[in-house]
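A.B. asks: Spelled out, the chains give:
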Amino acid sequence: MFRAALRVSVSGARSLTRARPQYTASVAARSYSHGKQETDEEFDARWVTYFSKPDIDAWELRKGMNTLIGYDLVPEPKILEAALKACRRLDDLASAIRILEAVKNKAGPHKEIYPYVIQELLPTLSELGIPTPEELGIDKA
Amino acid sequence: MLATRALRLVGKRALSTSICLRGGHGVAKVEDYTLPAYFDRRENPLPDIKFVQQLSPEQKSLKEKEKGSWAVLSKEEKIALYRISFKESFAEMEKGTGEWKSVVAGIFFFIGFTGLVVLWQRKYVYGDVPHTFDPEYKQKELQRMLDMRINPVEGFSAKWDYENNAWKK
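The listed protein sequences derive, respectively, from chains A and B. If you read the first sequence in our numbering, its first letter stands for residue 18, the second for the next number, and so on. If you read the second sequence in our numbering, its first letter stands for residue 85, the second for the next number, and so on.
No wet-lab data here; the hints were simulated from the structure. Since the structure is predicted, the reported quantities are computational estimates derived from the model, not experimental observations. For each residue, glycine too, the CB sits at the ideal point set by N, CA and C. One or more hints might be untrue.
Claimed, not checked - Capping the alpha-carbon separation at 27 Å, the derived lysine-lysine pairs in BS3-like fashion look like this: (1) B/Lys-224 / B/Lys-252; (2) B/Lys-134 / B/Lys-159; (3) A/Lys-102 / B/Lys-159; (4) B/Lys-134 / B/Lys-144; (5) B/Lys-149 / A/Lys-70; (6) B/Lys-147 / A/Lys-80; (7) A/Lys-128 / A/Lys-102; (8) B/Lys-113 / B/Lys-147; (9) A/Lys-102 / B/Lys-171; (10) B/Lys-185 / B/Lys-159; (11) A/Lys-102 / B/Lys-147; (12) B/Lys-243 / B/Lys-253; (13) A/Lys-95 / B/Lys-185; (14) A/Lys-80 / B/Lys-179; (15) A/Lys-157 / A/Lys-128; (16) A/Lys-157 / B/Lys-224; (17) A/Lys-157 / B/Lys-185; (18) B/Lys-149 / A/Lys-102.
Unchecked claim - Computed list of chain B residues with no C-beta within reach of chain A, every gap over 12 Å: (19) Phe-194; (20) Leu-203; (21) Met-232.
One chain only, chain B, in its complex shape:
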C-alpha cells in the first residue's frame, strides 16, 4: 500500500537518465578533467581524441578529401592530416630535452661558487696556523725524526743516508 503510493510519486517526477540533477539546481557543469584527454605516449599510440578539436574550413575540406583515395593527397596534405590528429610525432615525443646540460652547468657553477666561498674563508675567517708549521720548526722536527730512527727498515729513516747527511739517491 505504502509502496504503491511511493511508486506513484516517483512516476510523477520525470527522471532523466542523461542529465544529472543536483538537488533541483539544474545540470551539473561538465569539468574538463572528466572528459577524455589527448596525450602523446609511445605506449598509447592512438589517443582517445584528436589533437585539433575545432577544425578550420581548410581542415574540414581536407578531412572530406581524406574520404577519397589517399594516393591523390599531396605530401603536405598528408602531414596536415597527421597534425590534425596528433600533436607530436613519435620522434618528437621521444627526443631528449637537453635538460642534463643545464643540470651539469648548475653543478659546476655551484662548485665554483663554493670554491670562492672557501677562499674568502681562508683569508677572512681562519686565524694563523700553529707555530709548529713554521719552516724552522719543521726542520727541527725532521732532524728529530731522523735522530729517533723513525721507520729505519723500509720507511722514513731508511731513505736517509746517515754517512753523507743527505737523502739516499
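If we strip away everything but chain A, and leave its shape as in the complex, we get:
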C-alpha cells in the first residue's frame, strides 16, 4: 500500500515538472468523468499524426483544421507545423496563411500566445516560404 502510494506520488511529481504552457488545455476525446482522460501529449500526437498523412487530401485538411479550431484551446506549434506542411503537399499557400490568422484569432485576449507560436514556427515558415499575415499586411482591416 505504501509502495502504491509512493508510485502515485512519484508519477505526480514527474507530471508537475513537465513545464506546460498554460494555454493548451487537456481535452478528453470523449467527455467521461470516469475512464482514462487523454493527456495533452496524446492529443497533440494524435493531431500531428492526422496532419502528417502523406497523401492527405484537401477535404481532410479543411475538416481537421475546422475541427481543431472548434476546440477550446490554441493548438501546439507542432500540430500547426504538421498542418502547414500538409498545406505545402496540397500546394495551398492561402490555407497556410489562413491557419496562422485563425491561430491568432483563437488566442483572443491573450496577446502573448500568437508571437510565441510564430516564434516556434519560424523555421517551418522560412523553410516553406510562408509569409505571416503581418508581412502581407492583411492583419489590418
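Got chain A sorted already, so can you dock chain B onto it with the hints?
C.D. replies: Below, chain B alone, put in the same frame as chain A:
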C-alpha cells in the same frame, strides 16, 4: 414467380445512380442552395469552396506557380493567392460596422423630434393652467401654510423666521 417477373422488369429499365429522374421528365435542376457555399466565419477558417471559382488566365498561371517553391512568389502574388481562396481576411471579417453610430444618431434625432412635438403641444393643444398657479394665489397659499405652521420642527415653517417675517438665514 411474380417476384421474378417484377425483377425482370426492373432489370430492363436502366437505373442510373447518379442522375435523378423525376417522373421521367429528365434531370433535376441543381439548385444553388444545395451546393457547398462560401462563408467567412472565424469558427470555420477553411470554407468548403474557394471564394473565386472562375479563375482568370493570370490567376490560373499563378495557381500553377503555387505548385513550385513559395519563397519565389512576390508579396503581391501571395496576397493574390489568398484573395482567390478567401473573400475577407480575419481582420476584415471581425471589424465592426460602426452601425452603432447610426443607431445613437437615430435615437437623438427622434428624442429631439419628440421635444419639438411637446413644445408644439404646449402652445397649441393645452389650455391655460388653473388659477391656483397665479403668483398672487401662490403667495396667499404660502402665507396660509406659514400660519398653519406646516412642518414646524424640521421642514417648511421651521425655516421661517416668525420674528422678522422672513426666511431664516
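A.B. asks: All hints are to be evaluated individually against the structure, with a verdict given for each.
C.D. replies: Each hint, compared with the structure:
1. B/Lys-224 / B/Lys-252: Within the cut-off at roughly 19 Å; holds.
2. B/Lys-134 / B/Lys-159: 20 Å, holds
3. A/Lys-102 / B/Lys-159: 20 Å, holds
4. B/Lys-134 / B/Lys-144: 13 Å, holds
5. B/Lys-149 / A/Lys-70: The hint holds at about 24 Å.
6. B/Lys-147 / A/Lys-80: 22 Å, holds
7. A/Lys-128 / A/Lys-102: Given that 27 Å is the threshold and the Cα spacing comes to 25 Å, the pair holds.
8. B/Lys-113 / B/Lys-147: 31 Å, violated
9. A/Lys-102 / B/Lys-171: 23 Å, holds
10. B/Lys-185 / B/Lys-159: 36 Å, violated
11. A/Lys-102 / B/Lys-147: Distance ~18 Å between A/Lys-102 and B/Lys-147 Cα, so the pair holds.
12. B/Lys-243 / B/Lys-253: Between B/Lys-243 and B/Lys-253 the Cα gap is close to 8 Å, so the pair holds against 27 Å.
13. A/Lys-95 / B/Lys-185: Not satisfied, since the Cα-Cα distance of roughly 44 Å exceeds 27 Å.
14. A/Lys-80 / B/Lys-179: Holds - the C-alpha atoms of B/Lys-179 and A/Lys-80 are around 26 Å apart, at most 27 Å.
15. A/Lys-157 / A/Lys-128: 16 Å, holds
16. A/Lys-157 / B/Lys-224: 73 Å, violated
17. A/Lys-157 / B/Lys-185: At roughly 22 Å apart (the allowed maximum being 27 Å), B/Lys-185 and A/Lys-157 satisfy the hint.
18. B/Lys-149 / A/Lys-102: Status holds; Cα separation ~18 Å.
19. Phe-194: Per Cβ check, B/Phe-194 is outside 12 Å of chain A; nearest 31 Å; holds.
20. Leu-203: Since the minimum Cβ distance to chain A is about 44 Å, B/Leu-203 lies beyond 12 Å and the statement holds.
21. Met-232: Holds, because the least Cβ-Cβ distance between B/Met-232 and chain A comes to about 66 Å, which exceeds 12 Å.
Hint compliance for this structure: hints 8, 10, 13 and 16 are not met, and every other hint is.
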